[in-house]
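**Q** Sequence:
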Amino acid sequence: MANRRMFSMDVINTDKFMDMPISAQCLYFHLGMRADDDGFVSTPRLVIKIVNCTNDDLKILISKGYVIPFETGVVVIRHWKQHNYIQSDRYRKTKYSEERSHLELAENVYRLDTECELDVSRVDTQYRLSKDIVRDSIELENTISPEPEQNAEAQSGILLPLNDKTAYDVPEPKISMWAETYPAVDIRQELRKMAAWLDSNPTKRKTRRGIERFINSWLSRQQDRGGTYGQRQQASGQPPAGSELPREYREMYEELEKRPSLPDSPFQ
Numbered sequence: 009m010a011n012r013r014m015f016s017m018d019v020i021n022t023d024k025f026m027d028m029p030i031s032a033q034c035l036y037f038h039l040g041m042r043a044d045d046d047g048f049v050s051t052p053r054l055v056i057k058i059v060n061c062t063n064d065d066l067k068i069l070i071s072k073g074y075v076i077p078f079e080t081g082v083v084v085i086r087h088w089k090q091h092n093y094i095q096s097d098r099y100r101k102t103k104y105s106e107e108r109s110h111l112e113l114a115e116n117v118y119r120l121d122t123e124c125e126l127d128v129s130r131v132d133t134q135y136r137l138s139k140d141i142v143r144d145s146i147e148l149e150n151t152i153s154p155e156p157e158q159n160a161e162a163q164s165g166i167l168l169p170l171n172d173k174t175a176y177d178v179p180e181p182k183i184s185m186w187a188e189t190y191p192a193v194d195i196r197q198e199l200r201k202m203a204a205w206l207d208s209n210p211t212k213r214k215t216r217r218g219i220e221r222f223i224n225s226w227l228s229r230q231q232d233r234g235g236t237y238g239q240r241q242q243a244s245g246q247p248p249a250g251s252e253l254p255r256e257y258r259e260m261y262e263e264l265e266k267r268p269s270l271p272d273s274p275f276q
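Once you know that position 24 of the sequence shown is 32 in our numbering, the rest is easy, because the numbers rise by one and skip nothing.
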């Protein structure tokens, strides 16, 4: 096994790759470092334990098409030939000749010689992918996205950075719901402020599961402070509507209104 391996930016610098969890990306690199000169790794589960990843990370790599598994437990890096070119005087042919015989190389990308869409019903011969592995991979593919895919029309385009280096595209129906829940708040403006804050504080970014709780807490605080509109009016000297103004500010405005009007007073 060589001490040096290369990785092509054409493969890893893509949205498809970057959308995977960091742990799955990490496992991919470690598998690549331990692969033989043809891209085969004989002990992927040992690598999983060494780097403290999980079997789900391997299933993600399989379902996303970055790794091809065999019933023997061996896996091969699908884009190995794009990553690495090994000179003939240094090349050592893989000892997994049986697995290699069932692969073809198309544009420097491995694929099974009978490969089509991953279909458990067609995985019936000994040399094809394990039924259990494929079934798990397909089931995981259906659950990788933490939330159902939304139509582009239902998304606002306001992206909140998450702690896994992806982003939460705020759905339009959520904005409508929050607008009714927090009527004093300019929801879109506050979401943009959240995006800027999260971008400047990467260590405090939220998970995809926790981001809506963060949004609600932020908007609730803004509502209690008089809302976005209330803060704008306060800055300009105009009191917000009484129902939107916290008690301490309401008392302050009531006291100001009792004072004699001055030429420059905003309350004259």
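Some hints here could point you the wrong way.
Stated by the list, open to error - Pairs of lysine-lysine residues, derived as DSS-like cross-links and limited to a Cα-Cα distance of at most 30 Å, are as follows:
(1) K103 - K212
(2) K173 - K201
(3) K57 - K89
(4) K173 - K103
(5) K24 - K57
(6) K57 - K201
(7) K89 - K103
(8) K57 - K173
(9) K212 - K173
(10) K201 - K72
(11) K72 - K57
(12) K89 - K101
(13) K57 - K212
(14) K173 - K89
(15) K201 - K212
Read the hints as simulated data drawn from the structure, not as lab findings. These numbers come from a predicted model, not from an experiment.
**Q** Confirm or reject each hint.
**A** Each hint, compared with the structure:
1. K103 - K212: violated (47 Å)
2. K173 - K201: holds (18 Å)
3. K57 - K89: holds (26 Å)
4. K173 - K103: violated (38 Å)
5. K24 - K57: holds (25 Å)
6. K57 - K201: violated (41 Å)
7. K89 - K103: This hinted pair holds, its Cα atoms lying about 17 Å apart.
8. K57 - K173: holds (24 Å)
9. K212 - K173: holds (12 Å)
10. K201 - K72: violated (34 Å)
11. K72 - K57: Holds: K72 and K57 sit about 21 Å apart, inside 30 Å.
12. K89 - K101: The given pair, whose Cα atoms are some 13 Å apart, holds under the 30 Å limit.
13. K57 - K212: Cα-Cα ~28 Å, so holds.
14. K173 - K89: holds (28 Å)
15. K201 - K212: holds (15 Å)
When the structure is compared with the earlier hints, violations turn up for hints 1, 4, 6, 10 and for no others.
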